[in-house]
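Chemist: So the protein lines, in turn, are chains W and P. The opening residue of the first sequence carries number 369 in the numbering used here; numbering runs sequentially from there. The opening residue of the second sequence carries number 25 in the numbering used here; numbering runs sequentially from there.
Heads up, a few of these hints could be off.
Said to hold, decoys possible - In silico negatives: residues of chain P with every beta carbon more than 12 angstroms from chain W:
1) Lys71
2) Thr146
3) Pro149
4) Leu153
5) Thr211
6) Arg281
7) Gln293
8) Asp299
9) Asp322
10) Thr326
11) Leu332
Claimed, not checked - Below, in silico cross-link-like pairs of lysine-lysine (PhoX-like), each with a Cα-Cα straight-line distance of 25 angstroms or less:
12) P:Lys199 <-> P:Lys233
13) P:Lys109 <-> P:Lys233
14) P:Lys27 <-> W:Lys504
15) W:Lys504 <-> P:Lys109
16) P:Lys233 <-> P:Lys339
17) P:Lys199 <-> P:Lys109
To be verified - Label pairs and their computed distance ranges (CB to CB):
18) W:Glu633 <-> P:Ala156: 49 to 57 angstroms
19) W:Gln511 <-> P:Gly325: 30 to 38 angstroms
20) W:Ala470 <-> P:Asp195: 36 to 44 angstroms
21) W:Ala684 <-> P:Asn148: 49 to 57 angstroms
22) W:Glu654 <-> P:Ala66: 23 to 31 angstroms
The set of hints was computed from the structure by calculation and includes no laboratory data. This one's a predicted model, so the numbers in the text were calculated from it and none came from an experiment. Every residue, glycine too, gets a C-beta built ideally from N, C-alpha and C.
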Amino acid sequence: MIRPEQMDRRFVEEILAEPGGEHLLTCWSCGTCAATCLVRRFNPAFNPRLILHKAGLGLREAVLSSAEIWACSACDACYPRCPQGIHISDVMRAIRNLAIRAGYEAPGPAAQVDAATCSGCAVCTRACPYAAIERKPQMVNGQERTIAWVDRNLCQACGICVAACPSGAMSLEAMNDAELLTRVAAGGWLEQPGFLQGASDAPRLLAFVCQWSIRAEEEWERLQGLNDEHLRVVILPCSGRVEPAHVLLALSKGVDGVLVMGCHEGECHYQRGTYLGRGKVALLNEMMAAVGLAPQRVRFAESSALERRAFERQVAALREAIAALRPAEISEVRG
Amino acid sequence: MSKINLAAYWASSCGGCDIAIVELGEHLLELAQVADIVFWPAATDFKYADVEAMADGFIDLTLFNGAIRTEEDAHIAHLLRQKSKVLIAFGSCAMEGCIPGLSNLVGPERALRRASIETPSTDNPTGVLPQAQYEMPEGTLSLPRLCGVLHTLEEVVPVDFKIPGCPPNHDQVWKALQAYLAGDLPTNRLLGVDPRTVCDQCPRVREGKIRVKRFQRPHEVIADPERCFLEQGLVCAGPATHAGCGALCVKANMPCRGCYGPPESVADQGAALLDALVASFDGQSDAEVRQIVETIVDPIGTFYRFSLAHSFLQKARALTSWGDDPCASQAATEGETL
Ligand code: SF4
Ligand code: SF4
Ligand code: SF4
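All chains, please: the whole structure from these sequences, using the hints.
Modeler: Written out as structure tokens, the structure is:
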């Protein structure tokens, strides 16, 4: 129930005056954005149409205090589909700016810096797709050092900085290194010898899958069900979060192949994550070839939320590629 | 106070680590007051028989530099382990394989051919290679056989401490020796380092948001002496390298090459550097990313310049091709985790 006294015309004007907020009132409330939005899969409460609608009515408190205004990751999947051409992520940013000025904070999760470990190298500040990290002078154990600082209002929890940080100083709740490694290794999965060593009847694959590259709720459930002795699925916030050290550790333990699954070119939910994932896999492949490991064993695969059973297809293709390698590698063991 | 027995050894190394000890300079005189040098082939005339004659644990402290590349290296590593109370992997070769470890990319035969026949400075018209056995009228001469792959010291015997660096900075060596003499050794096993990474000690300006479209090598550009190398498109290993050297190379306008190994809590230096580098890519499409990747010449030699022999990549390779390795029987593989 909306009461007239909650409606604040000045709030609407403030949004319109904020860079990016100009198009607020052209929204028809058709809901195309909400139908397209990927965030809704993990956060059903997030509905861009509703936020624009409430903002257009001037419901200042309701909008600024809601957790949902922080959920848009600016992937802009909705932008080309909006019949009114509204750049919704810009409007969201305008609203967030007002919220920050009014003293609200993003609910998180956000990346966290371990001040004692951070060396201020600036790798993460370059990595972040949202420019959410800055280097700032801070007092750490009585010493002033210039180290990384995360603006939690800008952080989208993609985990790209966590992968990039070469000191292990950056972490992100469930997506930190130790947590991912636990998921990779749970149940002694890493400790079993592989097919290319002649010890397993079929290739053993580790798959890092970007949470946005897979279709829908049911598909996720199905993926989890695929976990077995020959396949381990680990979900990442983004393929840019993939850690080359984890890929190499898996190979060093005898895992036969690693699949990194991310979004198609231009469809990354976090703007540049998929390019980072691709870059890492390309360099890994080059190094594997140089050291005499078949580069086919590590593969970047693309998928989108619109494709059915892309994951199974990619897993099958990688299995096949690895099965074709076996005679060569086995003979090397003997030779 | 009675003197301690000190030993230093060189296995497969360039000699730089021994120079790092000599570089202690006048501290050597201080050292001589508290330590007897009982074995140091680079500086004084000792024989292996002298070491064999020692009682087990006779040596208090051994600084072991050089990697394990030959049967002889492996044999002496075992001998010194047996005779030493504290064994330190001294320098990058002993600790992580260093530059000689890159020969694991091609294997010992190829490396021998390259060194004995192909290098431009070699004159070897008959193309003869070093032989394990050679008959002379006076008897049989022998050379130690090469290991199938080059090993780190710790792959062959248990090691108490490690001092990184190619070579270790002599100030750090002195600090480590003082800590040892004072009985004040740290609980972690790395000596002669400072906290965090080289970037922490680097005076260069980091703008922080500059990404790069291509990488160049140091000889192709004259680098700005004030700005971060990475932001100039030069690969700098500083972010993935333990502090300890005092940022020597970067202060000489040369990007960090990574000789101090990875920072604590990072298992694989090359993987960490790879990720740090990719993070700075300025590519907005597959094609652009591929173009940037192509500008990184010799990724493995760049990311693993010092640590290939100790890398996950090496371990992965070993799974399918350990082959016939005269040192393998002695090699104890560590349980490695991240
Ligand atoms: S998690 Fe992603 S959005 Fe957040 S600070 Fe790190 S890189 Fe930026
Ligand atoms: S990448 Fe890691 S060490 Fe470097 S500035 Fe960021 S948090 Fe600090
Ligand atoms: S990357 Fe190299 S040049 Fe840049 S701050 Fe680190 S050590 Fe200095």
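Chemist: Each hint needs a verdict: does it hold in this structure or not?
Modeler: Hint-by-hint comparison with the structure:
no.: 1; hint: Lys71; in the structure: holds (39 angstroms)
no.: 2; hint: Thr146; in the structure: holds (25 angstroms)
no.: 3; hint: Pro149; in the structure: holds (32 angstroms)
no.: 4; hint: Leu153; in the structure: holds (21 angstroms)
no.: 5; hint: Thr211; in the structure: holds (16 angstroms)
no.: 6; hint: Arg281; in the structure: holds (15 angstroms)
no.: 7; hint: Gln293; in the structure: violated (8 angstroms)
no.: 8; hint: Asp299; in the structure: violated (5 angstroms)
no.: 9; hint: Asp322; in the structure: violated (8 angstroms)
no.: 10; hint: Thr326; in the structure: violated (10 angstroms)
no.: 11; hint: Leu332; in the structure: violated (8 angstroms)
no.: 12; hint: P:Lys199 <-> P:Lys233; in the structure: violated (37 angstroms)
no.: 13; hint: P:Lys109 <-> P:Lys233; in the structure: violated (50 angstroms)
no.: 14; hint: P:Lys27 <-> W:Lys504; in the structure: violated (50 angstroms)
no.: 15; hint: W:Lys504 <-> P:Lys109; in the structure: violated (46 angstroms)
no.: 16; hint: P:Lys233 <-> P:Lys339; in the structure: violated (36 angstroms)
no.: 17; hint: P:Lys199 <-> P:Lys109; in the structure: holds (20 angstroms)
no.: 18; hint: W:Glu633 <-> P:Ala156: 49 to 57 angstroms; in the structure: holds (55 angstroms)
no.: 19; hint: W:Gln511 <-> P:Gly325: 30 to 38 angstroms; in the structure: holds (36 angstroms)
no.: 20; hint: W:Ala470 <-> P:Asp195: 36 to 44 angstroms; in the structure: violated (54 angstroms)
no.: 21; hint: W:Ala684 <-> P:Asn148: 49 to 57 angstroms; in the structure: holds (53 angstroms)
no.: 22; hint: W:Glu654 <-> P:Ala66: 23 to 31 angstroms; in the structure: violated (38 angstroms)
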